[in-house]
Amino acid sequence: MKQFNNLKNGSVEWKTLDWLGFVSQADAKTTFYMDNLVLTNQPR
Amino acid sequence: MDGQLQRSRVEDHLSFTFENNLVYWSGGKLLSGLWKDVNVKLGKNLYWDASTKPIDFQGMNFSQWQRAGKDVGSVVANPEFLAAEGFDFRLEKDSPAFRLGFKPFDFSKAGVYGDSAWIKLARRLQYPPVEFAPEPPPLSLREDFETTPVGKPPAEAHISVENKGDSLAVTEEIAASGKRSLKIIDSPGLQHRFNPHFYYTPRHREGVTRCAFDIRVEEATEMFQEWRDEASPYRVGPSFSIKNGKLSSGDQELMTIPVNQWVHVEVSAALGANNRGTWNLSVTLPSQR
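If you're matching them up, the sequences are chains X and A in order.
Residue 73 in the working numbering sits at position 4 of the first sequence, and the numbers go up by one each step.
Residue 196 in the working numbering sits at position 188 of the second sequence, and the numbers go up by one each step.
Chain A side only, calculated, beta carbon under 7 Å to chain X, not exhaustive:
1. K191
2. P204
3. H205
4. F206
5. H212
6. R218
7. F232
8. R236
9. G285
Derived DEER-like restraints, expressed as beta-carbon distance ranges:
10. X:K98 - A:V158: 15 to 23 Å
11. A:P157 - X:K98: 19 to 27 Å
12. A:A118 - X:K98: 54 to 62 Å
13. A:T60 - X:D96: 33 to 41 Å
14. A:A118 - X:V107: 47 to 55 Å
15. A:K254 - X:E82: 23 to 31 Å
16. X:E82 - A:A58: 18 to 26 Å
17. X:E82 - A:P142: 23 to 31 Å
FYI, nobody ran anything at the bench for these hints, they're computed from the structure.
Quick reminder that beta carbons are idealized off the backbone N, C-alpha and C, glycines included.
If we strip away everything but chain A, and leave its shape as in the complex, we get:
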């Protein structure tokens, strides 16, 4: 599991309700997966990261998260356990959990019940030490969209569209090679200017990362590619934009991008301690291929 709470399948109805819980952990993410849609309901929960780092709510702080309609009645507060480090999760009398209506229970009474022989048998069971799965390997991609069905988004990507004239799906209308490419259609009047967008979660920590792709823009295209870390608020590494046929990074205009032609872009950067605050970009125009 990538966070304290993980939501996997997003369904087209209210499929996940999470209320009246105390979530206490030390370090790492609270929410993993997709939690922003209306078909998940959270409320009257208490969250506390004992590392005291700011908690990331899907790219928002807690105030923004609640203004978005999430976690009504929830709080970010120390629950005041008697001794959490010793796994004593009884609550102090002035715990904010009580103000949420949380009703403590005697967890020492949980478990096997019945006659003494039965309970004795259960107590003989020796649990093996907890082992966590190793970190997944860094994500690598080689996506030519040829195996993705037309009309569908790439399976490994996280997709955000509003379906108000915008879309993000594989097409056979045009391709840099093979038959298929990914078509991203923007539309005026969307709720969020950052839609449509798609992203991956590579988890690259060290070494050198390279991201290459072919892109074909129109005159009105306004897009950006960005690399971020998992801090809250996130910090940006390599980033560039294309607007009005101009490719820029920060406030530096780098070059003109021809419209309605495939252009090859490569971005690379060292990670971890070897990153010196810079990155490299190469752009190959159609005439140079």
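So that you can see chain X by itself, here it is in the shape it has in the complex:
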């Protein structure tokens, strides 16, 4: 497993998760697959 910690947020002001998106932005005929999507929120 490769672990990357303390990656920087896109914005320093970001604090809440209201939109979680997966976007395909190729300009070509191409496919990807996803499986076993899990989203959890736990008290700190």
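Given the structure of chain X, go ahead and fit chain A onto it with the hints provided.
Then chain A, alone, in the frame of chain X:
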């Protein structure tokens, strides 16, 4: 209701027309649900958020929204009520609502009418104080796509496809476990480079959020996963992309992703005051599972 205006079912014909209205509120979203398709018509409305925060029109500002063909003849302007905070919604003489053709009416005459006994009976009714439903709990997902019919998108996700060779639907062609997975097909020449895409609205405000999934890409795959808040313009938290078999975050290339193999990805971040501007990512390759 999540916003001032909510559109629920999207139908394959013009099913929603919203015109000649004054929409006045203080804080929170204007539009909830899906409003970008051609089967909803808005026009000649006046919108005003008394908190004076910029109004989000489905991820666009008002100019972009109108350039997309929405809300022709509408304005974002203070309607100039006499005293909205005291629920006096009569309009000042120079209200911009008049320029839209809005015809004010005497709302004090609304209600029960008839003989005096009947009106007296109605006035005896005591309304209970308004109570709003509590905020929904934070969204949790455990989606293995096994119960979604083949050819259909996941029910809880918001989907955006152009149906011009692109698609987003469950398949039994391949799976990381079980029999089914979600297949996302991109195509050249789409109107929007960001299609196809799907998203959830988790409403996570505090604590620690974790998002894990298996993904299988091709050499030509170009995708990204992003976490955003509800500000307008939105602000981005954790974000990474996969392009040409390379996983990157920002301008930092992190690692090579093998193509045509399942890879396990986990993203986690603290929210609210505990977020220090960073997030964590782990990637497990097939050889490491």
